[in-house]
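Enquirer: Using the sequences and the accompanying hints, generate a full structural model.
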Amino acid sequence: MVKIIEKPLSVNPLKKGSIMGAITAFLGMHKVMPLVHGAQGCMAFTKNFLTQHYREVTPMQSTAVFDIATIIGDDSNLHEGIANVIEKQKPDFIGLVTTGMTEVRGDDIKGSLIRFREKYPQYDSTPVVPVACPDFKGDAETGYGAACAATLSLLIEPAVRTDYRTRKMVNILAGMHLTAGDIDWLKRSFEAFGLDVIVYPDLSASMGGQVNHFYGLPEEGTSIDTIRKMAHADFSIVVGGCMEASADILLERCTVPYKKFDTLTGLEATDELVSWLMDYTGKQAPSWMRIQRQRAVDALLDAHFSFSGKSFSIAGEPDLLYGLGKYLTKEMGIRLETAVTTARHGAFENLPAENIIMGDLEDLEEYSKASDFIIANSNAIPMCHRAHKPIYRVGYPVKDYLGHFHRTFIGYYGAMMLAFDIGNICMTLDIERSGH
Amino acid sequence: MRLAIQQLTEEPGCDHNQKKTAEQKKEACKKPTPGATAGGCAFDGAQIVLLPVADAAHIIHGPITCCGQSYNNRGTRTHVGNLHQYGMTTDMSELDIVFGGEKKLKESVRYVAGKFKPKAVFIYSTCVTAMTGEDIHTVAKEMTEELGLQVIPVDSPGFSGSKNLGNKFAGHALFNHVIGSKEPENVPMFPINLIGEYNIAGELFQVEPLFEELGISLFSKMTGNATYDELCYAHRSKLSVVICSRALISLARQLDEKYGIPYFEGSFYGMGETKRTLMTIADMMGSDLLKRKVEELTTRKEKETMEQLAPYLPIMKGKKVLVYTGGVKSWSILKQLEELGMEVIKSSTRKSTEEDIARILEYFEGNEDGLMPKGDGKTLLKYMKEYDADLFLAGGRNMYNAMKGQVPFVDVNQERHFAFAGYEGSLVLAQKICGTLTSPVFSIVKKPAPWEVSFG
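Chains as they are written, first to last, in the working numbering: chain Y, 1 to 436; chain Z, 1001 to 1456.
No wet-lab data here; the hints were simulated from the structure.
Even for Gly, the Cβ is constructed at its ideal location relative to N, Cα and C.
Take the hints with a grain of salt, since some may be wrong.
Quick partial rundown of chain Z residues pointing at chain Y, CB under 7 Å, derived from the structure [what the hints assert, rightly or not]:
hint, residue
1, Gly-1068
2, Gln-1085
3, Gly-1158
Just so you have them, the derived chain Z footprint on chain Y, three or more residues with Cβ under 8 Å [unchecked claim]:
hint, segment
4, 4 to 12
5, 50 to 56
6, 206 to 219
With a cut-off of at most 16 Å between alpha-carbon atoms, the simulated EDC-like pairs for lysine to aspartate or glutamate come out as follows [said to hold, decoys possible]:
hint, chain 1, residue 1, chain 2, residue 2
7, Z, Lys-1378, Y, Glu-219
8, Z, Lys-1103, Y, Glu-6
9, Z, Lys-1115, Y, Glu-366
10, Y, Lys-31, Y, Asp-225
11, Y, Lys-310, Y, Glu-331
12, Y, Lys-310, Y, Asp-421
13, Z, Lys-1104, Y, Glu-6
Expert: This is how it looks when you write it as structure tokens:
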């Protein structure tokens, strides 16, 4: 049963606006400019937020909807914004993200884009992907999924494949909860089974720090050509519920079948993926992967002494929450007191939690009194200080910890590292409580 | 609302506006260019000014983005409470927008008043709630009566303008609803208002001891480390010192007009500016004793600081700096860097007034090459290279631009963790500058990778 705590406001929100998710998705694509259609604060807050989270340059722009005339609703700011971005930055395409304000105003974005094309035919070669992101609806994962689906639906076309391939090609539709460490593990694993992969979107590139020069547009993520090639893939793997809409588009329009994984965190989930890879390719798992599994098994055994009798509470967007919640409860055997989340998609309702709450970090604080530790983003730090509880940082934002985005939470390696990290928190508590 | 915005953009105390024609004055301060803009909105600006008041609650009336992406992220430090760390928002849903959110806002005020027992509640309007015509003024009035707790409406829809305008909105709310609403029990000898000092990273804590030693009372601090009550008492001060904020000049002018409190602009960046600011206070207080004490204190502090700076000065001597920061800071930091023996090759003039620019030009001895109107990361890195600069000094938004360019960098913006004010601050700044200048990281990262080395 999902609870909603009756209160009139949100105190210490867990939820981020959907524009934040949509922009994040675009940062994983090559040479795209996310353009936020709204007052400049929507973009400025989000830029600040993501810059501190990734510790990277995060290109994005705003149409800076400003004076009263624009509030009433003509599209000059939108047109000028798109034209300026194309002129100055020369992006491969633009991700046009609307905001609560432009959605309330009822902007007809599609109509406005048609008028833009009539007015500026010289910019015809730059696609503009509109994504509706009213911040009074949905959360960051919703916006992320919407941006990915909107991009696919504008860019891909059903076409007969003309190239000859000796290897099979698989799309990995990567959910917002995945880190650069996770994406690296996925690429390496799929390639080890002789598959070519397209990761979409690929945040491990610019946001993973692999671009060592200054960039005005995100680089080395999924490019427009690669996105178009996704139509010709043999299969799609969905990681996280928020990417299912993208998989559906590829299935319906290009007949690319897909398999959905709600999570790849934990031994069981990884086994399921590897079994699928073995079935699909007819190949055996590589030796490095077997070794990683053996180490994960050993880590769980070593750490299990401290797991027992512990309890935790967790807050996060649904996909993030589900994977960690499932691994810690069903495989580590730690009791889950409260899970707080922000939207209703994915499989989180199946978690064996005493409370599942659609809410904020105040609810987490209120309903985690019996928990030994907290799993949440860095906004929960003041709350953990007040309650004298250790925090394990996950999700967005993580502002006070270097290298968070390179931690691995999925696959056998992620299972091992999580067993160690959570085990260390529990073991430290044991040592403290034994009076040392 | 419209009227209020017009009034605020027609600020006579702002020399930006003195030169404008009547027609130009009706236009708000410079408009951002769609698709080529940086910086926050009016709501952001209003929060910068008011959020440091940590014994008051701050409820943002709007959908999630305004609060969800911004809270728990201000560099302000305080000893008076912890409500500045809390994000509180009505988190408007689609239904709230259709049926109106005033009832929800009232219930939110009741909830917050009951649970957190704040000294006051600030309620902020945002783009969406301003567009749908939510009447936060009536809500504030009714809730003030119902709860016997001051509820202050802050008109701050982001679309109305830039961060600077938002600062003014906040000043407007303070002047109309807060200042003069309570009377202090006693007024000390030399009471002053400190306007536009937000105690970023504890900068106020660096200068507070100086005031204590001089016997000058920081009677009403707006708003770093301020209690709500002291804001109410601002009308009893003898003098307003406006620190690094052209936007709040309007508040100082209003205090002058209504209560006869004179004002001037000061700064605590650098030893010279700190002395000038303290001396001006003593001068305007008309106390010779105070003047002598300032002379004595600053001479002693300068000597002490120079001794402490001794190991750092040779490292900084003659090093070339590119400065990219806004407003008043752009010239006061130049002076601070000059004191440390560094040479500024270019400084930004964005958000600077004519007067600020004149002061920057003075530094560059009239050479306009030193002025840099606006620059994106790429342009700034180009200047670094072109002028063979050693250090880049700018706000946090440029930090990772600098790291992509692999150049030494010091953050001087509001999310930083280090304070650079007064005498102590000059030492901290010197330490941070030397730390980045002498880091071995920059030479090691410039080494070519093994596969980039050509043989033969």
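Enquirer: Compare the structure with each hint and give your call.
Expert: Evaluation of the provided hints:
Given hint, Gly-1068 of chain Z at the interface with chain Y, holds; its Cβ is 4 Å from that chain's nearest Cβ, closer than 7 Å. Look at Gln-1085 of chain Z: its Cβ gets to within about 5 Å of chain Y, closer than 7 Å, so that hint holds up. Contact between Gly-1158 of chain Z and chain Y, as hinted, is supported at the beta carbon level, the nearest pair being about 3 Å apart and thus within 7 Å. Remark: the segment 4 to 12 of chain Y is confirmed as covered by chain Z, as 6 of its residues place a Cβ nearer than 8 Å to a Cβ of that chain, reaching the required three.
Coverage of the segment 50 to 56 of chain Y by chain Z holds in this model, with 4 residues showing a Cβ closer than 8 Å to a Cβ of that chain against a need of three. Remark: the segment 206 to 219 of chain Y is confirmed as covered by chain Z, as 6 of its residues place a Cβ nearer than 8 Å to a Cβ of that chain, reaching the required three. The straight-line distance between the Cα atoms of Lys-1378 of chain Z and Glu-219 of chain Y is roughly 15 Å, inside the 16 Å bound, and the hint therefore holds. The straight-line distance between the Cα atoms of Lys-1103 of chain Z and Glu-6 of chain Y is roughly 15 Å, inside the 16 Å bound, and the hint therefore holds.
Among the hinted pairs, Lys-1115 of chain Z with Glu-366 of chain Y is consistent with the structure: their alpha-carbon atoms are about 12 Å apart, no more than 16 Å. With a C-alpha separation of about 11 Å, the suggested pairing of Lys-31 of chain Y with Asp-225 of chain Y holds against the 16 Å cut-off. In summary, the hint linking Lys-310 of chain Y to Glu-331 of chain Y is supported, as the alpha carbons are separated by about 13 Å, within the 16 Å threshold. For the suggested pair Lys-310 of chain Y and Asp-421 of chain Y, the alpha carbons sit about 14 Å apart, so the restraint of at most 16 Å is met.
Proposed proximity of Lys-1104 of chain Z and Glu-6 of chain Y is supported: the alpha carbons are some 12 Å apart, at most 16 Å.
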